[in-house]
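All chains, full assembly: derive it from the sequences and hints.
First to last, the protein sequences are chains A and B. If you want my numbering, it's the 1-based position in the first sequence plus 1468. Reminder that position 283 of the second sequence reads as 270 in my numbering, one-by-one numbering, no gaps.
What the hints contain is simulated information worked out from the structure, not anything from laboratory work. Any given hint could be a false lead.
[To be verified] Computed Cβ-Cβ distance ranges for the label pairs, DEER-style:
1. B/Glu252 to A/Lys1651: 51 to 59 Å
2. B/Arg217 to A/Lys1574: 28 to 36 Å
3. B/Gly55 to A/Asn1470: 29 to 37 Å
[Said to hold, decoys possible] To give a feel for the contact side, a few chain A residues facing chain B, derived at Cβ under 10 Å:
4. Ile1531
5. Ser1598
6. Ile1601
7. Glu1619
8. Ala1625
Each residue gets a CB set at the ideal place from its N, CA and C atoms; glycine is no exception.
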Amino acid sequence: MNVKNLKEISNNIRAEVLKMTTNAKSGHPGGSLSMADILTVLYFDILNHDPKNPRLKQRDIFILSKGHCAPALYAALGLCGYFSKDEFRRLRKLGSVLQGHPDSTKTPGVEVSTGSLGNGLSVGCGIAASSKIDGNVRNIYVLLGDGECDEGQVWEAAMFASHYRLDNLIAIIDLNGYQVDGKTSDIMNIEPLNKKLEAFGWEVFEIDGHDIKSIASTFKIATGSKNGKSKAVIAKTIKGKGVSFMENENKYHGTPLKEDELSLALNELKER
Amino acid sequence: MDYISGRESYGRVLVEIGENEKIVVLDADVSKATKTSYFAKKYPERFFNVGIAEQNLLGVAAGLAVDGKIPVASTFAVFATCKALDQIRNVICKSNLNVKIVATHAGLTVGEDGASHQSVEDISIMRSIPNIVVIIPADGNEAANAIKQAVLNYVGPVYIRLSRFESPILTKEDDEFTIGKAKVIGRGSDLTIVSTGILLANAIKARDCLKQEGVSAALVNLPTIKPIDRDILLGYAKKTKAIITVEENTKIGGLYSAVSEVLSESFPVPIMSISINDKFGMSGSVEDLSKYYSLTEKDIVSKSLELIKLKERIYS
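The following block contains the structure:
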């Protein structure tokens, strides 16, 4: 692992997110930026995958349960080589492989269609259970939003995972502290999230979701221990991370940058 | 006459085809009622009880399908299609995942449990979702044959609606089941009865009564409501110029709607409906409920005679 390279990649992902959402005149840049470092570590260091062979048999599986942050996933997949970077400009346009929310039938590298919140962890449980039947050949990563944890289905799945001892399942919670209507602490408090997950039988790791080194080492520890427990990585992040005027500014949840804001943002990212 | 419920037939056929190691069965704490318990006993390593959590039931099933398994998920029809509709629509059908949803306890014939458990709109709901096949078997044999086809020989989402009620066996064990194909039970020239599900038994009796009154009714059993057998519907619309549909579902969006959609744009004829008329169910015996909601053979007969009068008015 080369931390410097990974930082550069995560900056590129951020830049592509901002360019593609501004070009599409819609999309969700804020939450895409909060999870950019996590995606970078997964796709460029941790996941066993092959962009030239998306159906690789024993590949690891990644599910973006917070599907509205698709632009960051598309940026990661495109930069990996699942499809041409030219596709970024077609985001959300008629006939594009890059839909507003992830669609496994249209986008190479997207394993599971998401967009309706709360579904990803259940699907991850199904893949993990299937994988156990086949001899535990892969790890399954599911990235959830903290707001998404309001959904009851998340907790149905959390119970299932620990009941069936799915230690090949890693849930990552992008804890950026915001949901559409405001701060999670004001709209629907999910804390203490660590204790909730522990009470559901999960092994919990709490990390800085922007510390590349710590993200990578946590994933290695989490996948290394096959102790019958599902793993939850609570990643404390900043919504809009990487662009000073976007950080913790919730209006960028579902609003792309204007052209002049985009130039400012891209310059700032260049200097990071 | 022998009687068997769709769910009992389902439980047995799952065990029969269960040696296929791709088949994984899931249930939401009603396995003794849906009869997936038979499979669970024989193949415990490929059975998942998710507890009372229908959304997760369909979500986990989706994941198993993503990884190449053939998941068969069961609970009561009302919970599968209402509680887990988002999972069926947004996860399973949108990605055309190979999930089989076998829902039991459908329709009013759940009986005494009452409205909360009587699914009277699941056909309408399921039929409106793109990509999914919707099958309503008429008896235990058809249920077994349809399930074998859907699980072993068809790739993609399928919804199969079964009953709790022990209904008469009307079709043969070795009848071939083809998804999308209806079957002619009896020919006729004055009108055509199109029936789906276990009310076929009432339709058969109604046809016999009509014959005694000098009315020649054709009878079509239409187990696959989606994709629908257009050819047979058009053929009989042209031949008899009057159709009556029979279903244990609300009038809105079910068989009546499906048949009307086909005929109104290709060969419009008068169509009448035996169905549940935009109402919830209630507790009662199956017999009392059938009378109360006008689903008996007598109701089919009187509606048929009404239809013939309408037909005569239109074509005179």
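Status of the hints after comparison with the structure:
At roughly 53 Å, the beta carbons of glutamate 252 of chain B and lysine 1651 of chain A sit within the given window of 51 to 59 Å. At roughly 30 Å, the beta-carbon separation of arginine 217 of chain B and lysine 1574 of chain A lies within the given 28 to 36 Å, and the hint holds. Taken as a hint, the range 29 to 37 Å holds for the pair glycine 55 of chain B and asparagine 1470 of chain A, whose Cβ atoms sit roughly 35 Å apart. Of the supplied interface hints, the one on isoleucine 1531 of chain A holds, with its beta-carbon coming within about 9 Å of a beta-carbon of chain B, less than 10 Å.
For serine 1598 of chain A, the interface hint holds, the least distance from its beta-carbon to any beta-carbon of chain B being 4 Å, beneath 10 Å. Interface hint at isoleucine 1601 of chain A: satisfied, since its Cβ lies 7 Å from the closest Cβ of chain B, which is below the 10 Å cut-off. About 9 Å separates the beta-carbon of glutamate 1619 of chain A from the nearest beta-carbon of chain B, less than 10 Å, and the hint is met. The restraint placing alanine 1625 of chain A at the interface with chain B holds, with a minimum CB-CB distance near 5 Å, inside the 10 Å limit.
The structure meets every hint from the earlier list without exception.
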